[in-house]
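Chemist: Generate coordinates for the entire structure from the input sequences, incorporating the hints supplied.
For the sequence shown, counting from 1, position 25 maps to 25 in UniProt numbering; every step adds exactly one.
For the record, the hints were derived by calculation from the structure and aren't laboratory data. No experiment lies behind these values; they were computed from the predicted model shown. From the three backbone atoms N, C-alpha and C, an ideal C-beta is built for every residue, glycine too. Each hint should be verified, as a subset may be incorrect.
[What the hints assert, rightly or not] Okay, derived cross-link-like pairs now, DSS-like style, lysine-lysine, Cα gap no bigger than 27 Å in a straight line:
{"no.": "1", "residue 1": "Lys111", "residue 2": "Lys141"}
{"no.": "2", "residue 1": "Lys68", "residue 2": "Lys20"}
{"no.": "3", "residue 1": "Lys68", "residue 2": "Lys43"}
[To be verified] For each label pair, taking beta carbons as the anchor points, the in silico distance ranges come out as:
{"no.": "4", "residue 1": "Thr138", "residue 2": "Pro80", "range": "20 to 30 Å"}
{"no.": "5", "residue 1": "Ile105", "residue 2": "Pro67", "range": "14 to 24 Å"}
{"no.": "6", "residue 1": "Ile54", "residue 2": "Val33", "range": "19 to 29 Å"}
{"no.": "7", "residue 1": "Thr138", "residue 2": "Arg26", "range": "15 to 25 Å"}
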Amino acid sequence: MIIDLERNDLGKVCEYGSVKVPDLIRLEEYATVFHLVSTVVGKIAAKYDIVDLIAASFPGGSITGAPKVRAMEIIDELEPVRRGLYTGSIGYIDFNGDADLNIVIRTIVMKKGKAFFQVGGGIVADSIANQEYAETLTKAKALIQALGYHEQG
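Modeler: What follows is the structure, encoded as structure tokens:
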């Protein structure tokens, strides 16, 4: 689903037929979680630039789900607080038009001496609520430990 969504997003600004998936679903291991990762590439059409590409592809499909526009509307209706930096992007665009951007997850924001972070997970038709909740706690655990707190008992 996410791969198709990203192919669609890139297809809006890339040359017809140039969008490819050279690396389909590989498992990456991180300190506290595993991620399934794919690579989607395309050649930006001459009438577009990097800013158009960013506008077409953000927010990322792994953040919104699909269909993207309706999913964003539902997120806006259901979430009690604005996301702020969370699930936004940090990165750079250089003078050649090259860019390196990320999606901001598992990030601690300091504001007026207080630490804030958000965690979440993707909900699909066959999700099991308590397992999804446990996954968010696992994601939060690393951030809590980074702040110097540890589980008790």
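Chemist: Could you work out which earlier hints the structure fails to respect and list their numbers in ascending sequence?
Modeler: No hint contradicted; all consistent.
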